[in-house]
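Engineer: From first to last, the protein sequence lines stand for chains Z and C. Just so you know, we're using our numbering here: the first sequence kicks off at 62 and counts up by one. Just so you know, we're using our numbering here: the second sequence kicks off at 465 and counts up by one.
Calculated from the structure, these hints are not laboratory results. Since we're looking at a predicted model, the values are computed, not measured. Here a beta-carbon is modelled for each residue, glycine too, at the ideal position from N, C-alpha and C. Worth double-checking, as some hints may not be accurate.
Listed below are several chain C residues computed to face chain Z (Cβ distance under 8 Å; list not exhaustive) [to be verified]: (1) 480; (2) 786; (3) 789; (4) 792.
With a straight-line Cα cutoff of 25 Å, these simulated SDA-like cross-link-like pairs (lysine to any residue) come out [said to hold, decoys possible]: (5) 156/Z <-> 664/C; (6) 804/C <-> 96/Z; (7) 792/C <-> 84/Z; (8) 188/Z <-> 804/C; (9) 792/C <-> 288/Z; (10) 156/Z <-> 877/C.
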Amino acid sequence: MTQQQNSDKSDHLVRLIDLYKTYYTGTLEVPVLKGLDIEFNKGEFVGIFGSSGSGKSTLLNILGMLDTPTAGKYYLEELEVDQMEDHELATIRNKKIGFIFQSFNLFPHLTVEQNIEVPMVYGNVPKRERRERARELGEQVKLGHRLKHRPTQLSGGECQRIAIARALSNNPSFLLADEPTGNLDEKTSGEIIKLFHDLNDQGSTIVIVTHDPALEAHFDRTIHLRDGRISHGSPITFGSPHYVD
Amino acid sequence: MLTRDLFGLSFHNLLLHKVRSTLTSLGVIFGVGSVIAMLSISEGAKQKALAQIEAMGIDKIIVYSKKPPIAGKDSGQDNSSMTESFGLEKKDLIHIGKMDNIDRITAMRDGRKKILKGLQRLDLKLVGVDRSFLIDSVSDMGKGRWLAPADFKNRRKVCVIGKNVKRKFFSLGERRVIGRFIRIEGDIFRIVGIVDNNLGTQYPELGSPNDMIFIPMSTSMALFGNYAFTREGRSVKILNIEYDLMIVKVMELEHIDNTSKRISAYLQTSHSKVKDWGILVPLDLLKQRERTQNIFTIVMSSIAGISLVVGGIGIMNIMLANVYERRKEIGTRRALGAQKSDILLQFLIETVFLTTLGGLIGIGVGIGISQVITYYADMPTVYLWWSIVLSMVISSLVGVVFGTYPAWKAAQQNPIEVLRAE
Numbered sequence: 062m063t064q065q066q067n068s069d070k071s072d073h074l075v076r077l078i079d080l081y082k083t084y085y086t087g088t089l090e091v092p093v094l095k096g097l098d099i100e101f102n103k104g105e106f107v108g109i110f111g112s113s114g115s116g117k118s119t120l121l122n123i124l125g126m127l128d129t130p131t132a133g134k135y136y137l138e139e140l141e142v143d144q145m146e147d148h149e150l151a152t153i154r155n156k157k158i159g160f161i162f163q164s165f166n167l168f169p170h171l172t173v174e175q176n177i178e179v180p181m182v183y184g185n186v187p188k189r190e191r192r193e194r195a196r197e198l199g200e201q202v203k204l205g206h207r208l209k210h211r212p213t214q215l216s217g218g219e220c221q222r223i224a225i226a227r228a229l230s231n232n233p234s235f236l237l238a239d240e241p242t243g244n245l246d247e248k249t250s251g252e253i254i255k256l257f258h259d260l261n262d263q264g265s266t267i268v269i270v271t272h273d274p275a276l277e278a279h280f281d282r283t284i285h286l287r288d289g290r291i292s293h294g295s296p297i298t299f300g301s302p303h304y305v306d
Numbered sequence: 465m466l467t468r469d470l471f472g473l474s475f476h477n478l479l480l481h482k483v484r485s486t487l488t489s490l491g492v493i494f495g496v497g498s499v500i501a502m503l504s505i506s507e508g509a510k511q512k513a514l515a516q517i518e519a520m521g522i523d524k525i526i527v528y529s530k531k532p533p534i535a536g537k538d539s540g541q542d543n544s545s546m547t548e549s550f551g552l553e554k555k556d557l558i559h560i561g562k563m564d565n566i567d568r569i570t571a572m573r574d575g576r577k578k579i580l581k582g583l584q585r586l587d588l589k590l591v592g593v594d595r596s597f598l599i600d601s602v603s604d605m606g607k608g609r610w611l612a613p614a615d616f617k618n619r620r621k622v623c624v625i626g627k628n629v630k631r632k633f634f635s636l637g638e639r640r641v642i643g644r645f646i647r648i649e650g651d652i653f654r655i656v657g658i659v660d661n662n663l664g665t666q667y668p669e670l671g672s673p674n675d676m677i678f679i680p681m682s683t684s685m686a687l688f689g690n691y692a693f694t695r696e697g698r699s700v701k702i703l704n705i706e707y708d709l710m711i712v713k714v715m716e717l718e719h720i721d722n723t724s725k726r727i728s729a730y731l732q733t734s735h736s737k738v739k740d741w742g743i744l745v746p747l748d749l750l751k752q753r754e755r756t757q758n759i760f761t762i763v764m765s766s767i768a769g770i771s772l773v774v775g776g777i778g779i780m781n782i783m784l785a786n787v788y789e790r791r792k793e794i795g796t797r798r799a800l801g802a803q804k805s806d807i808l809l810q811f812l813i814e815t816v817f818l819t820t821l822g823g824l825i826g827i828g829v830g831i832g833i834s835q836v837i838t839y840y841a842d843m844p845t846v847y848l849w850w851s852i853v854l855s856m857v858i859s860s861l862v863g864v865v866f867g868t869y870p871a872w873k874a875a876q877q878n879p880i881e882v883l884r885a886e
């Protein structure tokens with residue numbers, strides 16, 4: 062079903078063209094990404110794999126617009142974002158990207174409901190609308206009964222569900238998750254992956270960056286990085302996901 | 465980010481760390497407290513001093529006799545003489561009375577009598593006065609009447625007593641004092657009224673009208689003449705003083721400076737031998753006092769202001785530590801779409817909240833301190849509305865000045881670094 066859906070879509074959501082990222086530490090040049098060409102289509106569920114030092118975190122930062130590439134192009138829905146100003150990037154992060162972190166990064170002093178509202182606060186959504194949307198999202202991640210709790214009263218899996226609900230709050234173009242199951246046990250990991258599948262079935266585009274090979278089977282498509290280059294996997298979408306290995 | 469959300473968030477963050485927030489704003493609390501207390505104390509002192517000066521009357525010039533500095537035993541003059549003459553004389557009174565811009569002159573002469581209650585000597589003065597003294601000394605009649613024209617004309621032995629005289633002379637229970645007699649060195653005077661000077665007037669060399677027994681000048685002249693006997697050690701001296709005090713009322717206040725200069729110039733020439741007179745212009749004194757008081761106020765509030773600066777630096781320090789501690793929060797907020805300006809304003813508003821709340825508490829502390837001082841040290845304190853408004857404004861400003869750098873620092877945090885640090 063998912064594959065069928067994906068194959069029907071040809072419009073690009075994200076296009077990275079010949080993307081380079083080099084860090085400069087004093088006189089030393091450290092090239093991290095070395096000419097990446099990657100595309101994501103709407104409704105895809107993509108996994109980006111790579112070991113430590115492969116450049117996957119840098120790629121995640123650029124995809125999440127927390128960092129800008131040294132060279133190359135980054136298009137998001139035909140917007141050229143690689144040369145945007147900081148304030149424009151912040152607006153795009155807020156409206157078009159849903160961030161999910163390995164350690165959830167919930168605000169411990171806010172209730173679950175208030176945590177879900179945070180991106181909407183920065184998106185100037187009026188309070189009543191925010192409350193309504195937070196309740197909907199709480200229900201969607203099956204934690205509607207815990208909206209008034211604080212993150213410290215929740216389990217790890219529940220926290221990650223809330224983080225996902227928060228990421229969805231501004232109806233982003235895609236969800237970007239950084240090792241979302243890294244801090245969870247196997248059973249809970251499975252539940253979270255299932256939630257991602259459900260969301261993907263409902264039409265969300267999801268990109269997950271991880272080093273966990275156990276997750277590989279879950280994705281429509283995987284991209285493997287090594288030393289700043291794509292070692293294998295499918296950087297662009299063909300009719301259906303395929304695995305080179 | 466909506467303004468309401470921004471304020472709500474900042475306030476919420478402060479409430480999260482109540483103890484830390486309170487400790488952080490202690491500097492501002494005590495800074496503002498000391499500014500308020502200093503200003504209210506110095507304003508109280510100022511108003512008290514000014515009221516005393518004003519009580520002499522700002523349209524008056526006070527001319528008085530004073531004992532000249534001792535001529536010196538080497539000079540040999542007057543030393544052997546039993547009689548010592550000095551001070552203001554009748555001719556001075558007449559001459560000054562003829563000058564321009566003089567409305568009238570009220571003269572006063574101290575009888576230099578020993579006033580005894582039983583064997584105890586009381587610190588009171590028997591003085592001969594003109595009829596206009598009551599008005600010119602800005603005093604009121606407490607009870608009875610003031611000296612009447614007939615008292616002067618007939619040199620009657622009547623007196624009006626100051627309110628302290630009644631208290632010192634008669635026991636508490638005695639209500640009816642008017643009509644009773646008072647005996648001073650063999651002369652008996654009938655009391656006709658009680659004077660009440662509640663402005664706290666103090667005349668040079670003579671003191672407060674409340675400590676005086678007033679008799680008509682004509683009676684004084686008839687009974688004692690210009691002479692008074694004093695005992696210094698074993699020798700008895702005869703003092704020859706015509707007038708002890710003149711209250712000169714001017715017609716036009718704006719020319720009071722010139723008039724007082726002219727009086728001084730005249731007295732300098734007519735009393736060229738020794739300086740046995742003094743002149744005092746309450747208006748000048750008032751201005752001078754105001755000037756010194758203002759300087760005092762500025763110095764005091766500057767010292768208190770320094771503590772505000774110190775408090776501000778303390779707040780900046782803690783806010784910087786706060787920014788470091790909350791890197792993860794900042795990074796997450798930035799990743800979720802917070803603009804740099806949202807972060808900057810969040811931290812800035814937190815600091816301004818802290819200092820403004822500190823300022824509010826400080827005002828309470830300041831008022832408390834000055835109340836305690838008024839109560840225990842018996843010093844008057846006056847709160848000035850502008851000092852309270854100013855303290856509020858300054859404490860908010862301290863927040864802006866010392867909160868900007870930490871807030872800027874927070875906004876400059878690189879979200880990648882911040883998230884990686886976790």
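Engineer: Hints first: check each against the structure and report whether it holds.
Structural biologist: Hint by hint, here is what the structure shows:
1. 480: holds (5 Å)
2. 786: Since the shortest Cβ distance to chain Z is 14 Å, the answer is violated.
3. 789: Since chain Z brings no Cβ nearer than about 13 Å to residue 789/C, farther than 8 Å, the hint is violated.
4. 792: Holds - the Cβ of residue 792/C comes within 8 Å of chain Z, reaching about 7 Å at its closest.
5. 156/Z <-> 664/C: violated (75 Å)
6. 804/C <-> 96/Z: violated (30 Å)
7. 792/C <-> 84/Z: With a Cα-Cα distance of about 23 Å, the restraint between residue 792/C and residue 84/Z holds, given a limit of 25 Å.
8. 188/Z <-> 804/C: holds (22 Å)
9. 792/C <-> 288/Z: violated (28 Å)
10. 156/Z <-> 877/C: holds (21 Å)
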